[in-house]
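So the protein lines, in turn, are chains A and B.
Residues in the first sequence are numbered from 1 upward in steps of one, following this note's numbering.
Residues in the second sequence are numbered from 1 upward in steps of one, following this note's numbering.
Honestly, I wouldn't trust all of these hints.
Derived lysine to aspartate or glutamate pairs resembling DMTMM-like cross-links, with alpha carbons at most 25 Å apart [unchecked claim]:
{"id": "1", "chain 1": "B", "residue 1": "Lys295", "chain 2": "A", "residue 2": "Glu358"}
{"id": "2", "chain 1": "B", "residue 1": "Lys325", "chain 2": "A", "residue 2": "Glu240"}
{"id": "3", "chain 1": "A", "residue 1": "Lys48", "chain 2": "A", "residue 2": "Glu233"}
{"id": "4", "chain 1": "A", "residue 1": "Lys527", "chain 2": "B", "residue 2": "Glu319"}
{"id": "5", "chain 1": "A", "residue 1": "Lys328", "chain 2": "B", "residue 2": "Glu319"}
{"id": "6", "chain 1": "A", "residue 1": "Lys328", "chain 2": "B", "residue 2": "Asp74"}
{"id": "7", "chain 1": "B", "residue 1": "Lys196", "chain 2": "A", "residue 2": "Glu233"}
{"id": "8", "chain 1": "B", "residue 1": "Lys325", "chain 2": "A", "residue 2": "Asp237"}
{"id": "9", "chain 1": "B", "residue 1": "Lys323", "chain 2": "A", "residue 2": "Glu535"}
{"id": "10", "chain 1": "B", "residue 1": "Lys109", "chain 2": "A", "residue 2": "Glu14"}
{"id": "11", "chain 1": "A", "residue 1": "Lys476", "chain 2": "A", "residue 2": "Glu435"}
{"id": "12", "chain 1": "A", "residue 1": "Lys391", "chain 2": "B", "residue 2": "Glu312"}
{"id": "13", "chain 1": "A", "residue 1": "Lys254", "chain 2": "B", "residue 2": "Glu314"}
{"id": "14", "chain 1": "B", "residue 1": "Lys320", "chain 2": "A", "residue 2": "Glu233"}
{"id": "15", "chain 1": "B", "residue 1": "Lys306", "chain 2": "A", "residue 2": "Glu240"}
{"id": "16", "chain 1": "B", "residue 1": "Lys114", "chain 2": "A", "residue 2": "Glu438"}
{"id": "17", "chain 1": "A", "residue 1": "Lys372", "chain 2": "B", "residue 2": "Asp316"}
{"id": "18", "chain 1": "A", "residue 1": "Lys428", "chain 2": "B", "residue 2": "Glu314"}
{"id": "19", "chain 1": "A", "residue 1": "Lys428", "chain 2": "A", "residue 2": "Glu535"}
{"id": "20", "chain 1": "A", "residue 1": "Lys367", "chain 2": "B", "residue 2": "Asp316"}
{"id": "21", "chain 1": "A", "residue 1": "Lys254", "chain 2": "B", "residue 2": "Asp246"}
{"id": "22", "chain 1": "A", "residue 1": "Lys254", "chain 2": "B", "residue 2": "Asp74"}
{"id": "23", "chain 1": "B", "residue 1": "Lys330", "chain 2": "A", "residue 2": "Asp238"}
{"id": "24", "chain 1": "B", "residue 1": "Lys325", "chain 2": "A", "residue 2": "Glu224"}
{"id": "25", "chain 1": "B", "residue 1": "Lys114", "chain 2": "A", "residue 2": "Glu17"}
{"id": "26", "chain 1": "B", "residue 1": "Lys325", "chain 2": "A", "residue 2": "Asp238"}
For the chain A half of the interface with chain B, some residues (derived, Cβ under 7 Å), not all of them [to be verified]:
{"id": "27", "residue": "Phe38"}
{"id": "28", "residue": "Gly41"}
{"id": "29", "residue": "Leu96"}
{"id": "30", "residue": "Met182"}
{"id": "31", "residue": "Glu241"}
{"id": "32", "residue": "Val245"}
{"id": "33", "residue": "Ala246"}
{"id": "34", "residue": "Val247"}
{"id": "35", "residue": "Thr250"}
{"id": "36", "residue": "Thr374"}
To be clear, the hints were calculated from the coordinates, so they are not data collected in a lab.
Heads up, the beta-carbon is just placed ideally off N, CA and C, and yes, glycines get one too.
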Amino acid sequence: MSKYLPKQADLIREMEEKPSPLKGDHAKQEWWEMPVEFREGNFCFPAKPEVIEELGFANPRKWAVTDDDWQLPEGWQKTLMDGMRERIKKYRSLKLYLDSCVRCGACADKCHFFLGTGDPKNMPVLRAELVRSVYRGDFPMVEKILKGFAGSRKLTKEVLREWYMYFYQCTECRRCSVFCPMGIDTAEITIMVREILQLVGLNNNWILAPVANCNRTGNHLGIEPHTFVQNVESLVDDIEELTGVAVNPTFNRKGAEILFITPSGDVFGDPGVYTMMGYMLLFEHIGLDYTISTYASEGGNFGFFTSNDMMRKLNAKMYHEAERLGVKWILGGECGHMWRVVHQYMSTMNGPANFLEEPVSPITGTKFSNAKATKMVHIAEFTADLIHNSKLKLDPKRNDHLRTTFHDSCNVARGMGMFEEPRYVLNKVCNSFHEMPENTIREQTFCCGSGSGINAEENMAMRMKGGFPRANAVQKVKEKHQVNSLVTICAIDRASLPPLMRYWNPGVSVYGLHELVGNALVMQGEKMRTEDLREDPMTGFDDKEDDVD
Amino acid sequence: MKKIMLPFAMVAVLALIPFAGVQYAGLDYLFGVVIPYAAAVLFIAGFVYRMVDWLRRPVPYNITSTCGQEKSLDWIHHDKIESPSKPWHAAVRVLSEVLLFRSLFRNNKAEFSKGPDLVYGSTKWLWLGGLVFHWSLLVIVLRHARFFFIMVPGFAESLDQLDSFFDITLPAFYVTDALALSAITFLFVRRVSDAKMRIISLPTDYFPLFLLGGIVGAGVLMRYIAKVDVMAVKDQMLRLMSFSFDPPAEIGALFYVHLFLVCMLLLYFPFSKLMHMGAIFLSPTRTMLNNSREKMHVNVWRQPMKIRTYSEYEDDYREKMKKAKLPLEKE
Chain A
1 MSKYLPKQAD
11 LIREMEEKPS
21 PLKGDHAKQE
31 WWEMPVEFRE
41 GNFCFPAKPE
51 VIEELGFANP
61 RKWAVTDDDW
71 QLPEGWQKTL
81 MDGMRERIKK
91 YRSLKLYLDS
101 CVRCGACADK
111 CHFFLGTGDP
121 KNMPVLRAEL
131 VRSVYRGDFP
141 MVEKILKGFA
151 GSRKLTKEVL
161 REWYMYFYQC
171 TECRRCSVFC
181 PMGIDTAEIT
191 IMVREILQLV
201 GLNNNWILAP
211 VANCNRTGNH
221 LGIEPHTFVQ
231 NVESLVDDIE
241 ELTGVAVNPT
251 FNRKGAEILF
261 ITPSGDVFGD
271 PGVYTMMGYM
281 LLFEHIGLDY
291 TISTYASEGG
301 NFGFFTSNDM
311 MRKLNAKMYH
321 EAERLGVKWI
331 LGGECGHMWR
341 VVHQYMSTMN
351 GPANFLEEPV
361 SPITGTKFSN
371 AKATKMVHIA
381 EFTADLIHNS
391 KLKLDPKRND
401 HLRTTFHDSC
411 NVARGMGMFE
421 EPRYVLNKVC
431 NSFHEMPENT
441 IREQTFCCGS
451 GSGINAEENM
461 AMRMKGGFPR
471 ANAVQKVKEK
481 HQVNSLVTIC
491 AIDRASLPPL
501 MRYWNPGVSV
511 YGLHELVGNA
521 LVMQGEKMRT
531 EDLREDPMTG
541 FDDKEDDVD
Chain B
1 MKKIMLPFAM
11 VAVLALIPFA
21 GVQYAGLDYL
31 FGVVIPYAAA
41 VLFIAGFVYR
51 MVDWLRRPVP
61 YNITSTCGQE
71 KSLDWIHHDK
81 IESPSKPWHA
91 AVRVLSEVLL
101 FRSLFRNNKA
111 EFSKGPDLVY
121 GSTKWLWLGG
131 LVFHWSLLVI
141 VLRHARFFFI
151 MVPGFAESLD
161 QLDSFFDITL
171 PAFYVTDALA
181 LSAITFLFVR
191 RVSDAKMRII
201 SLPTDYFPLF
211 LLGGIVGAGV
221 LMRYIAKVDV
231 MAVKDQMLRL
241 MSFSFDPPAE
251 IGALFYVHLF
261 LVCMLLLYFP
271 FSKLMHMGAI
281 FLSPTRTMLN
291 NSREKMHVNV
301 WRQPMKIRTY
311 SEYEDDYREK
321 MKKAKLPLEK
331 E
């Protein structure tokens, strides 16, 4: 077990006995009097100097979060305040959300980090107040006249430590925004503050290293083209061994009809690779004319967690490559924040993509008019349409060894609005599906606790706390319906939910939706299948000999 | 508690100023003419300034928060209100927020308990309290129209009759007076009784509650207990409406307390959280349409940007790509 992860009994004791600075010693304190405590397991390591340099961000240096001196650049206060003022000019959202909160408290118990830590500064309203208090000191004259009345403060080193801690304890999941009567979106504030913090060199290596990799090699994991191809080909071999079917993905092929882009975690990470195998089986099954790019080999976009410019720069590769290859449209794999970027930002940042065509499914003829401008279709939409038009031969019994529940990924839920397609597909490829409690799914879904680039090993204790509300909801269906499989459509989920499940709900495994599709697909010329894509035995598909006996 | 006592003392002092001023210094003209005009002008100018100040800032990206199924395949039910794709969908979304507090209705509570476990429950009190608070204040403001026009407008007449439905005192008791005072009390008690609310509350959260309490309180006292000459009040309001600077006739000091606190509210309004009244109509997460893949949203400050192009990438990896038999642009 990681040294950053306390034993479960210790963590539970901490959560129960010290569930909240709202009690005990802190009960009479104001939030700005409460200490900021960096300790092992509750923060991510800062970016390495060479990574910062490669990206051209500010203040590359070697430092540790627990240092007293963060080696801030000369005039850091001015840099930060100017950065804030500039963004307040450029974004109505930021200005409006700093101005209009009435502190009604509806959001207070909606954040997974608040529920897991009990720390009042994890209440969305206070997370924003960390910035508002400084912002108020910067503007309204009321404050100058009535000091202490409007709750404002100066930007000190202590305040900066707070910003660094709590804006990396927000996963930009937008759950609070659902409940806010004003529609205030803490994610907007977090995005801006993280962008401002970059200006003085406060960042996180788990985000910046993938960003640098992605810029250079095309994907977060830094896989070079030949290795990328090798790895996909080893998955092709696995598929052939398991199913007897040879699938033939192509790379960087000009003239393909469709460019397929998925998070690189699907090519390299367990259990993402099984989802990748599912995609390839599906494409083989329907005879899709597609290609995979090694240059645009990343669906995800950690640039989204650094700055708007960086997000745009990484995202631009998708259209650039689609244009070069001359494809008609782009199909995107399962990922959360990737789809927030594609759905809400891509055409605005890098469009219009007039060299592409309005997406049409070559198999069913369905026009995806909802993707008319961006020209990019989500794989769950694509597959749901195939199934609805009876184009897939499926045997859901092949997933009978899995009793499933579905985790809505934050970004796909609240930044895109896709709820029905994955459920439709899931219900068609397996026989046992049970929803978690209603206030933990769909638009009220809880984050995995590790989104927005904080799924670093060294942040493990915090991730287990932040992921607790999700784990708790899974536990409910595990007890009631013996659920053993948590299905998601997000690559960060596939990376971060397995440790969360091992910690809180041992016995529950994490699956991508298209892994289950791959299990259920009855392929032409396949051999007798008794094992699923991860070589676990299926139920009711024992060897024929056993049946005879 | 300083953050409660400070705003309370401020409201108390504000109430005493006009009382002393009219009762002992004879400053009727200042409190009855000068300050009301100044407050009205500053309120309107301030409100317009704040709205324009928000509106002139760009909305670079489409950031709708989607709380329901997007419009996608024909056979999948589209949640038009929670994931609007047409302007009228968003209009219904925002108006249901303004008029019915749709999002607060969704509110639930989560509590951490031993186990560890999380227990969720329904909680509609904030929704109900907030709704009663805002709607009673609106009705009260509207029925005050009878003081501002010679001919009482029809809506004010009807509201008045509805509001005094329980004809139990003389003059008839207004339901909204009781509702407003109860709602203010509820919102105050809520802030001090819950640990989470206590810690997030600032003096600027208590101040408007006390101020509104003072305004309604003074109004209630004037109407039912220390009665003032209603006709003189109406005459004075009509004079103000016709932009007259004539001095007011004699009206009780309590009226000036009421009027002065209203003026303070008008002054405070544009520079405080009370501007949420205008902001709620502009919130991008709720006003925007979830059609960002269907229709390109334009960012007015977008600049050209240099990216790492495919040819740079190929230049760096050409040998490795060749070995992996990947197609190349340049051999």
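Right, here's what the structure says about each hint:
With a C-alpha separation of about 12 Å, the suggested pair Lys295(B) and Glu358(A) falls inside the 25 Å cut-off, and the hint holds. Using a Cα cut-off of 25 Å, the hinted pair Lys325(B) and Glu240(A) holds, with the two alpha carbons roughly 21 Å apart. At roughly 33 Å between alpha-carbon atoms, Lys48(A) and Glu233(A) are farther apart than 25 Å, so this suggested pair is violated. Simply put, Lys527(A) and Glu319(B) have alpha-carbon atoms about 39 Å apart, too far for the 25 Å limit, and the pair is violated.
Among the hinted pairs, Lys328(A) with Glu319(B) is inconsistent with the structure: their alpha-carbon atoms are about 29 Å apart, more than 25 Å. For a cut-off of 25 Å, the pair hint linking Lys328(A) to Asp74(B) stands: about 22 Å separates their Cα positions. For the hint linking Lys196(B) to Glu233(A), the alpha-carbon distance of about 54 Å lies beyond 25 Å, and the restraint is violated. For the given pair, Lys325(B) sits about 18 Å from Asp237(A) by alpha-carbon distance, which is consistent with the 25 Å threshold.
With a CA separation close to 32 Å, the supplied pair Lys323(B) and Glu535(A) exceeds the 25 Å bound. Taking the CA atoms of Lys109(B) and Glu14(A), the gap is about 22 Å. The hint holds against a cut of 25 Å. For the proposed pair Lys476(A) and Glu435(A), the alpha carbon gap of about 10 Å is at most 25 Å, so the pair holds. Straight-line distance between C-alpha atoms of Lys391(A) and Glu312(B) comes to about 41 Å, which puts the hinted pair past the 25 Å bound.
Restraint check: the Cα-Cα separation between Lys254(A) and Glu314(B) comes to about 15 Å, which is no more than 25 Å; the hinted pair holds. With a C-alpha separation of about 16 Å, the suggested pairing of Lys320(B) with Glu233(A) holds against the 25 Å cut-off. Annotation: proposed proximity of Lys306(B) to Glu240(A) is violated, straight-line Cα distance about 42 Å (limit 25 Å). For the proposed pair Lys114(B) and Glu438(A), the alpha carbon gap of about 22 Å is at most 25 Å, so the pair holds.
For the hint pairing Lys372(A) with Asp316(B), the CA-to-CA distance comes to about 35 Å; that exceeds 25 Å, so the pair is violated. Using a Cα cut-off of 25 Å, the hinted pair Lys428(A) and Glu314(B) is violated, with the two alpha carbons roughly 42 Å apart. Between Lys428(A) and Glu535(A) the alpha-carbon distance is near 22 Å, which keeps this suggested pair within the 25 Å criterion. With a C-alpha separation of about 39 Å, the suggested pairing of Lys367(A) with Asp316(B) is violated against the 25 Å cut-off.
Taking the CA atoms of Lys254(A) and Asp246(B), the gap is near 85 Å; set against the 25 Å cutoff, the hint is violated. Taking the CA atoms of Lys254(A) and Asp74(B), the gap is about 32 Å. The hint is violated against a cut of 25 Å. A threshold of 25 Å between alpha carbons decides the hint, and for Lys330(B) with Asp238(A) the separation of about 33 Å lies outside it, so the pair is violated. Distance check on the hinted pair: Lys325(B) and Glu224(A) sit about 14 Å apart at the alpha-carbon level, within 25 Å; holds.
Restraint check for Lys114(B) and Glu17(A): the C-alpha separation of about 9 Å stays at or below 25 Å, so the hint holds. Among the hinted pairs, Lys325(B) with Asp238(A) is consistent with the structure: their alpha-carbon atoms are about 21 Å apart, no more than 25 Å. Here the hint on Phe38(A) is broken, as its CB sits about 22 Å from the closest CB of chain B, past 7 Å. Residue-level restraint check for Gly41(A) is violated (minimum Cβ-Cβ distance to chain B is 17 Å; threshold 7 Å).
Hint on Leu96(A) holds. Least Cβ distance to chain B is approximately 6 Å, under the 7 Å limit. Residue-level restraint check for Met182(A) holds (minimum Cβ-Cβ distance to chain B is 6 Å; threshold 7 Å). Interface restraint check for Glu241(A): the shortest CB-CB distance to chain B comes to about 22 Å, outside 7 Å, so the restraint is violated. The restraint placing Val245(A) at the interface with chain B is violated, with a minimum CB-CB distance near 22 Å, outside the 7 Å limit.
Taking 7 Å as the C-beta contact cut-off toward chain B, the hint placing Ala246(A) at the interface is violated, the least distance being around 17 Å. With its C-beta approaching chain B no nearer than about 17 Å, Val247(A) sits outside the 7 Å limit, and its interface hint is violated. Hint status for Thr250(A) relative to chain B: violated, with the closest Cβ pair at about 9 Å, above 7 Å. Interface restraint check for Thr374(A): the shortest CB-CB distance to chain B comes to about 4 Å, inside 7 Å, so the restraint holds.
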